[in-house]
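Asker: What follows is the residue order along each chain.
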Amino acid sequence: AQKITQTQPGMFVQEKEAVTLDCTYDTSDQSYGLFWYKQPSSGEMIFLIYQGSYDEQNATEGRYSLNFQKARKSANLVISASQLGDSAMYFCAMREGPGRAAGNKLTFGGGTRVLVKP
Amino acid sequence: DAGVIQSPRHEVTEMGQEVTLRCKPISGHNSLFWYRQTMMRGLELLIYFNNNVPIDDSGMPEDRFSAKMPNASFSTLKIQPSEPRDSAVYFCASSLESGLKSLYEQYFGPGTRLTVT
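Chains as they are written, first to last, in the working numbering: chain A, 849 to 966; chain B, 42 to 158.
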C-alpha cells in the first residue's frame, strides 16, 4: 500500500485565491511527522511546513497551513492568497518511527502540480 | 549560510562509465540522505547516513551503486558501471537529528541531473 497518497496530479488556481492540496498517509506508528515540500521548475526542493503527530495545533508558516486530521490520516496543505510564484510541484512526505531510533527517513508522495493563473 | 552543495550540477556520460556525485551537507548537520527523482518512480530514498555511518541503504537499487561518507562534510554516490536507466536527478539532503521537532526538516541540495547515453 502507498504510504503517502496525493490524489491530485495537477490543479489550477486563480491568483489571490486559496488552494488546498490533499495528502493522505498510511502508518501504524503513533509517532510520526508530516512534511510539505515545494519544487519549482528550477528543480530545487524547498521545505515548507512540518506537523508532528502529537502536535495539538495545526502547523502554520506564513501563507502555508497544514490541515491535520489524524483520525482520517490526512495532512492537507492550504496555500492562502496564491501568488504566481506558487506555481510548482508540491510534495507531501512522512517520517515514521519513534524519533531518533528510526531517524529522519522520509517517504514522499507523487506530488501535485499547481499552476497559478493571473 | 551555505546550503547543501552538490556537484556536478549536470553530468552526461556514456553507458559503462563510472559516475561520481558529490555532496557537502550543511555544516553542523549530522544526517545525510541521497535521493533519486524520476518521472516514473518519483522521489526515492537511496541511502541515509547518520554521524557518517550508513543507517539504511535498502533503497540502493543494485551493486552498481555505492555511497560513502568519509567525514561529516562530504559524501559521494558512485555508479559503476552506469546504465541509461540510471538517468535521473540525484538529490542530496541533510538534517540535524535531535529531540527538537523543528530540526527534523531535511534541506535539499540543488540536485545533479545525470544523463547516461
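Some hints here could point you the wrong way.
[What the hints assert, rightly or not] Calculated lysine-lysine pairs in the DSSO-like style (CA-CA distance at most 30 Å, straight line):
#: 1; chain 1: B; residue 1: 119; chain 2: B; residue 2: 109
#: 2; chain 1: B; residue 1: 65; chain 2: A; residue 2: 953
#: 3; chain 1: A; residue 1: 918; chain 2: A; residue 2: 864
#: 4; chain 1: A; residue 1: 851; chain 2: A; residue 2: 953
#: 5; chain 1: A; residue 1: 921; chain 2: A; residue 2: 864
#: 6; chain 1: B; residue 1: 65; chain 2: A; residue 2: 965
#: 7; chain 1: A; residue 1: 864; chain 2: A; residue 2: 965
#: 8; chain 1: A; residue 1: 953; chain 2: A; residue 2: 864
#: 9; chain 1: A; residue 1: 953; chain 2: B; residue 2: 119
#: 10; chain 1: A; residue 1: 851; chain 2: B; residue 2: 109
#: 11; chain 1: A; residue 1: 918; chain 2: A; residue 2: 953
#: 12; chain 1: A; residue 1: 864; chain 2: B; residue 2: 65
#: 13; chain 1: B; residue 1: 65; chain 2: B; residue 2: 119
#: 14; chain 1: A; residue 1: 851; chain 2: A; residue 2: 921
#: 15; chain 1: A; residue 1: 921; chain 2: A; residue 2: 953
[What the hints assert, rightly or not] Which stretches of chain A does chain B cover? Using the computed rule of at least three CB atoms under 8 Å from a CB of chain B, they are:
#: 16; stretch: 855 to 869
#: 17; stretch: 954 to 966
It should be emphasised that the hints constitute simulated quantities derived from the structure, not laboratory data.
Positions of the beta carbon are idealized from the N, C-alpha and C atoms, including for glycine.
Asker: Run every hint past the structure and note whether it holds.
Answerer: To see whether the hints hold, each was checked on the structure:
1. B:119 - B:109: holds (9 Å)
2. B:65 - A:953: holds (19 Å)
3. A:918 - A:864: holds (29 Å)
4. A:851 - A:953: Answer holds: residue 851 of chain A to residue 953 of chain A is near 13 Å, not above 30 Å.
5. A:921 - A:864: holds (29 Å)
6. B:65 - A:965: With Cα atoms ~37 Å apart, residue 65 of chain B and residue 965 of chain A exceed 30 Å; violated.
7. A:864 - A:965: Distance ~9 Å between residue 864 of chain A and residue 965 of chain A Cα, so the pair holds.
8. A:953 - A:864: violated (35 Å)
9. A:953 - B:119: Holds, because 21 Å separates the two Cα atoms, which is no more than 30 Å.
10. A:851 - B:109: Since the Cα atoms of residue 851 of chain A and residue 109 of chain B sit roughly 28 Å apart, the hinted pair holds (cutoff 30 Å).
11. A:918 - A:953: Since the Cα atoms of residue 918 of chain A and residue 953 of chain A sit roughly 20 Å apart, the hinted pair holds (cutoff 30 Å).
12. A:864 - B:65: The hint is violated at about 38 Å.
13. B:65 - B:119: holds (15 Å)
14. A:851 - A:921: holds (11 Å)
15. A:921 - A:953: holds (19 Å)
16. 855 to 869: n = 0 at 8 Å, threshold three: violated.
17. 954 to 966: holds (count 6)
Consistency with the previously given hints fails for numbers 6, 8, 12, 16, ordered from lowest to highest.
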